[in-house]
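Engineer: Residue numbers (our numbering), protein chains in the order written: chain A, 42 to 618; chain B, 1227 to 1441.
Don't read these hints as lab results, they were simulated from the structure.
Mixed in with the good hints there might be a few duds.
[Unchecked claim] Computed list of lysine-lysine pairs in BS3-like fashion (alpha-carbon distance at most 25 Å, straight line):
id, chain 1, residue 1, chain 2, residue 2
1, B, LYS1345, A, LYS104
2, B, LYS1385, B, LYS1280
3, A, LYS249, B, LYS1228
4, A, LYS492, B, LYS1288
5, B, LYS1228, B, LYS1345
6, B, LYS1275, A, LYS205
7, B, LYS1280, A, LYS249
8, A, LYS492, A, LYS205
9, B, LYS1280, B, LYS1407
10, B, LYS1280, B, LYS1296
11, A, LYS249, B, LYS1275
12, A, LYS492, A, LYS104
13, B, LYS1275, A, LYS104
14, A, LYS249, B, LYS1345
15, B, LYS1408, A, LYS205
[What the hints assert, rightly or not] Just a sample of chain A residues kept apart from chain B, beta carbon distances all over 10 Å, derived:
id, residue
16, GLU86
17, PHE113
18, ASN134
19, PRO135
20, ARG202
21, LYS249
22, LEU257
23, VAL260
24, ARG370
25, PHE467
26, ALA481
27, LYS492
28, GLY573
29, THR599
30, LEU606
31, SER614
[Unchecked claim] Partial pick of chain B residues on the chain A-facing surface, computed with a CB cut under 7 Å:
id, residue
32, PHE1245
33, PHE1253
34, PHE1261
35, LYS1275
36, SER1279
37, LEU1281
38, THR1327
39, ASN1332
40, LEU1354
We put the beta carbon where it would ideally sit given N, CA and C, even for glycine.
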Amino acid sequence: MAQGWLQIAIFLLVVVALTPPLGIYMARVYRNESVFLTPVMAPVERLTYRAIGVDPSREQDWKSYARTLIVFSGLFFLALYLILRTQSIQPFNPAGFNSAPWDVSFNTASSFVTNTNWQYYGGETTLSDFSQMAGLTVQNFVSAAVGMAVVAALIRGIVNRTSKSLGNFWQDVTRTLFYILLPLSIVVAVLLVAGGVLQTIGHDVTAKTVEGADQLLAVGPVASQIAIKQLGTNGGGFFNVNSAMPFENASAFTNFIEVLAIILIPAALTYTFGRMVGRQRQGWAIFAAMLALFLVLVIVIVPAEQHGTVAQHAAGLHNGGNLEGKEVRNGIAQSGLWTVTTTTTSNGSVNSALDSYTGLGGMVPMAALGTSEVIFGGVGTGLYSMLVFVLLAVFIGGLMVGRTPEYLGKKIEAREIKLASLAALFTPLAILVTTALAIATKFGRASIFAKGPQGFSETLYAYLSQANNNGSAFAGYTGFVQPNAPGNGGSFGITFADLLGGGTMVAARFIPIILVLAIAGALAGKKVAPVGPGTMRTDNPTFVVLLVGVVVLVGALTFFPALLLGPIVQSLSTQLF
Amino acid sequence: MKRTLITCVIAVVLFTAVFGLVYPLLFTGVSQVVFPGASNGSKIMRDGKLVGSKLIAQDFRKPVLGANGKPKMDEDGNPVMVADPRYFQPRPSQTTYSPSTTFFSNLGPNSTDAQAEVKANMDAYLALERRYDPTLTARGIPADAVTQSASGVDPDISKSNAAIQAHRIAAVRHLPMATVKKLIADHTDGRFLGIFGEPGVNVLQLNLALDGLGR
């Protein structure tokens, strides 16, 4: 146990240490300053602008920025859907897989364009190498870049005092891709291959085992996809069991690299924020609020898993904790740490089976999702969602002390608060409505695997995860049935789950994005009031506590009744179902 | 609007080419040259034949033979398997150790199926090991030995699990206990930097090393 806490403490120290350097680097990228990669990447950047025919210096207001973003994402959705539906006639398909059915393809396209990476299919038994690379790996890059562009635009809205400009969408996306995501992906991918993760293209091979049986080893271009899957908080695995699969996460070393890659950019963006607004303490205040919530979750999940499950105790097993659905090389500490990291950051990759967690342990990822992904959160999405909560906290704080709320010198008025409230409430509302629909209808219940309260937990989790664009799952919940893999003949989707989930992912991604850009538009061009003795400070411990309080209250008020029906019942009861 | 649309179409094609094809294909090429072993799945060859992967557990059970000398079948038409006592046994697998069709067991924390599964695994473990390690009790069974891993192909077992099985291996193969313990230590992967993760004993490599002793 002590060893477990030591691992987690050192991991967090590494995160804190890497936050400033990467944060400064990203701030320079978004301010169009030169960085050490400029000599290499500037020609590529210029060539990109010329090829797509845009002028990166053309400033966009929030409406123009949002319009470009929506058209861009919409076309990518279409492209991905077409790739998935025409898989059978494409190259790099050594196993000869058929195309996935329309409903599953809709869900998958929605999932990857929205940075969710919810997967109803099993990668190694459904998708060709071409679909994995040209369909999914691309989305891992692009959807992450879109999220980061939005936060860059929001920060500019907060900073700009005279102009209504939020920057240029193409410039933000291109610079994110070539200066941040691609170089980091290459570094991480090299480390992963060095640590044993696969990277090959070609036919699966059959081994003759020691006992003389055949064992088919599925192979593919894994490391290149896993690197960006982690860095871009995407989470979609090459294999069905994601980063539990040794070919995807080979050792304690690769596990450390992968879990670090998940949280690296979201953490560093808080520093980028402080730097771009010119007040570093503001960035650290947000970091501190995120870290505090993160710690609470870790402190609950590790002992909960160490305790073991009701079913295991009933069978007479009392030794070593809950290892059902966990790998020996990761153990309980690294599984728990990963689970908290992946669910707080909208990543959604897993290195253990969440459906097999203890009742209390399984509630931790649900609680993480219930806070709307603001504890570090997805790349870009986490920070902009947290800034929405910051505005709400400033407003509530302002009401308490009887002052006009201000953030970084800008007055927060009715329009901003209305937009922020909508942005903060849309996702939770979507979750409750979709979960209710899925539980109340026989179409939704067809997806449930487990009996009793765990079946409810699976459903709640599915919509928590999809609406928050996370992608992790209580994986018993089914949207795609696939008897025996080769050629995946006889496979079919569960249409209701595919469509409801797909629609939720799209709505809960792009509606908040539009609202956030509208907030940025409302803040841009506002005059900045000088800091006086009466200004409510937003960079001290009091404000951090207030911010944490707002996040927890909104999440708890929304989800407590639902959590009671699932994980809390399971934690309190020793009954088996 | 039309202008935006055209720009976006070109961008979709361009980014797909760069990040979907150039990046993974180029990286595959480089990995194949620089890390040929790892990038192809850490394969293990024996006598020139592919015997498995270091990273992937395999089944060390053998079919039970019926009175007619043919493998006995269960009611589903699958051969009845029993642990091969000459080898260290990996963790139970919900996928019969398939690395090409992976899935989780998804056994929940208070599921009757989970209880039955763990109970059956514990009974089987005791039945196999207690003959050689009479001090072993149900309370002494390590969790990894009777629970299914996440991947279904977890290549490792815990050190305590290996230590229990060592009694059987030493007896069946007529090896000194010290030799078996030495082999276990040789095939134990430690924590990363001595800090991260948990130590694990690689079952396939350990079993191949046992066979390599020629007994």
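Engineer: Would you mind marking each hint as holding or not holding in the structure?
Structural biologist: Now for the hints, and whether the structure bears them out:
1. B:LYS1345 <-> A:LYS104: Status violated; Cα separation ~61 Å.
2. B:LYS1385 <-> B:LYS1280: holds (17 Å)
3. A:LYS249 <-> B:LYS1228: violated (58 Å)
4. A:LYS492 <-> B:LYS1288: Violated - the C-alpha atoms of LYS1288 (chain B) and LYS492 (chain A) are around 34 Å apart, more than 25 Å.
5. B:LYS1228 <-> B:LYS1345: violated (66 Å)
6. B:LYS1275 <-> A:LYS205: violated (68 Å)
7. B:LYS1280 <-> A:LYS249: Status holds; Cα separation ~14 Å.
8. A:LYS492 <-> A:LYS205: violated (54 Å)
9. B:LYS1280 <-> B:LYS1407: Given pair LYS1280 (chain B), LYS1407 (chain B) holds - Cα atoms ~20 Å apart, limit 25 Å.
10. B:LYS1280 <-> B:LYS1296: violated (31 Å)
11. A:LYS249 <-> B:LYS1275: holds (8 Å)
12. A:LYS492 <-> A:LYS104: violated (48 Å)
13. B:LYS1275 <-> A:LYS104: Violated, at roughly 63 Å.
14. A:LYS249 <-> B:LYS1345: This hinted pair is violated, its Cα atoms lying about 32 Å apart.
15. B:LYS1408 <-> A:LYS205: Violated - the C-alpha atoms of LYS205 (chain A) and LYS1408 (chain B) are around 71 Å apart, more than 25 Å.
16. GLU86: holds (12 Å)
17. PHE113: violated (5 Å)
18. ASN134: Label holds. Min Cβ-Cβ 14 Å, cutoff 10 Å.
19. PRO135: holds (12 Å)
20. ARG202: At roughly 28 Å from the nearest Cβ of chain B, ARG202 (chain A) sits farther out than 10 Å, so the non-interface label holds.
21. LYS249: The claim is violated: LYS249 (chain A) sits with its nearest Cβ about 6 Å from chain B, within 10 Å.
22. LEU257: Violated: least Cβ distance 4 Å, not greater than 10 Å.
23. VAL260: Incorrect as stated: the minimum Cβ-Cβ distance to chain B is 6 Å, not above 10 Å.
24. ARG370: The claim breaks: ARG370 (chain A) does not keep its Cβ more than 10 Å from every Cβ of chain B (closest is about 5 Å).
25. PHE467: holds (25 Å)
26. ALA481: holds (22 Å)
27. LYS492: About 7 Å separates LYS492 (chain A) from the closest Cβ of chain B, which leaves it inside 10 Å; violated.
28. GLY573: Answer for GLY573 (chain A): holds, closest chain B Cβ roughly 44 Å.
29. THR599: Holds: least Cβ distance 24 Å, greater than 10 Å.
30. LEU606: holds (14 Å)
31. SER614: violated (7 Å)
32. PHE1245: holds (4 Å)
33. PHE1253: Constraint on PHE1253 (chain B) satisfied, holds at 5 Å.
34. PHE1261: holds (5 Å)
35. LYS1275: Nearest chain A Cβ about 6 Å off; hint holds.
36. SER1279: Since the shortest Cβ distance to chain A is 6 Å, the answer is holds.
37. LEU1281: holds (4 Å)
38. THR1327: holds (5 Å)
39. ASN1332: Hint on ASN1332 (chain B): holds, closest Cβ of chain A at ~4 Å, below 7 Å.
40. LEU1354: This hint is violated: LEU1354 (chain B) lies away from chain A, its Cβ roughly 16 Å from the closest one there, beyond 7 Å.
Of the hints listed earlier, those the structure fails to meet are numbers 1, 3, 4, 5, 6, 8, 10, 12, 13, 14, 15, 17, 21, 22, 23, 24, 27, 31, 40, in rising order.
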